[in-house]
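Residue-level listing of the chains:
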Amino acid sequence: MILNDYLILSAILFCIGLIGVIRRKNLLMLFFASEIMLNAVNIGLAAISKFHGDLSGQMFAFFIIAVAASEVAIGLGLLILTYKRKNSLSLDNLQSMGG
Amino acid sequence: MEIIAFYLFAFLTIAMFTTTVMTNNALYALSSLAAGMIFISAFYFLLDAEFLGVVQIVVYTGAVMALYAFGMMFFDTIADVKEDIKHPKLVFLLSGGIALLVVVIFAVPIVSGSIIASHPMSPEYGSNVKDVGMVLFTKYLVPFELAAVMLLVAMIGGIILAGKKMDVSITQLSEEEIDKLSTNDEIAKDKK
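If you read the sequences in order, they're chains A and B.
Residue numbers for the first sequence, in this note's numbering: 1 to 99.
Residue numbers for the second sequence, in this note's numbering: 1 to 192.
In isolation and in its complexed conformation, chain B is listed as follows:
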């Protein structure tokens, strides 16, 4: 049963992500990306990581939906995304080489096989969610709080970068306007 589920979801995920990477239609890319994210959570449930699976669905539904909205804003969704690719064969050569490298990187620790569990999954708490909570709020408490601060910083950064009501913000001006600003400053200094 697990084998059937694994191969089914592996096939679906690979198909979805290949579509995302290869298609020229923005709408297809977005839809298949969202579907692939949902299919990936199936692997987490297969691996007894229920909490991770739920988080995957919640976070990526939110994030991918935001991306989806931006895709709608930026693209004419019916038309193809224009990309001029000059050396298509070089790309496949590169990706083949890198793929080999990645497989080697993954295989080496398995061969060495000297990994010792430092946080064994304990059956005493019963479920994966309780286990995760115990480890997350004891050993990983500091990284957890740092992640919270990082998310806050990211939120403020996003608001400042995209905010509309900023009167003078260098990041929003075009280069000519920035040049004008600096020349104005020089004129003001000269007057003083």
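Okay, chain A solo, but in the shape it has when bound:
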């Protein structure tokens, strides 16, 4: 397998996540899509790390995993607050400024 195969796979997965972010109208589903995007980038980094013989790519992948984990922790806290206040997780119910 050459580097391009992994990079194309990574791009495809990233685009799937992107479609999810654009398409979804539910906050929890948006979280899933963002996780997909982060993982897609990780695959690309690991592939570059192998084919250029450089460990920096894997290091970045580790830090991205750490960022993703803290994002889930904070995000779920915010989700609970939103759910307590609005009693739903739909993005359409989130607007509070009348215009």
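Any given hint might turn out to be false.
[Unchecked claim] According to the in silico footprint, chain A covers these stretches of chain B (three or more CB under 8 Å from chain A):
(1) 1-14
(2) 32-38
(3) 45-57
(4) 145-153
Hints were generated in silico from the structure; no laboratory data involved.
Glycine is no exception: its CB is placed at the ideal position from the N, C-alpha and C atoms.
Take the given structure of chain A and dock chain B to it, following the hints.
Frame of chain A; chain B shown alone:
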């Protein structure tokens, strides 16, 4: 062998994530997301990044299981998630354009091909785990500690945001209650 494994797992991962993005059933979305995360770790093992693969399984099993629990709490898992999508065609146009952009972004550094390894994988330590440890605790020590602090902050933030026993916390009140609080303060000030 590697080719077979790559295409098998590529197909499985894409199928799982497409299901996650496209389905209207919360339970299906959660299950396929968890499966996709596990399949992704297979790529790390294919790429000789064993430690990254193990971390992927451990972290995402934990994180996705937490998401799973929240999904159970928030949704009636049998019923469809209600979403009204007004312009479905616009979404696909947008995603196509962005996809093209992403491919270009990925392709440009490959074409230039002037990347020099600054941390070559050294065979002297033997395994990937030892290599990772050596680099992580020398060159990347400061970012590593910062990541640890960031995780701590995230944990405390999560606890404070979701904690129940906070007596008066502005973040938990509805807007009417916040208005009441501020008017009460004004009354108290007037009395003084």
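Checked hints:
no., hint, result
1, 1-14, "holds (count 6)"
2, 32-38, "holds (count 3)"
3, 45-57, "holds (count 8)"
4, 145-153, "holds (count 4)"
Figure legend: structure checked against the earlier numbered hints; every hint is met.
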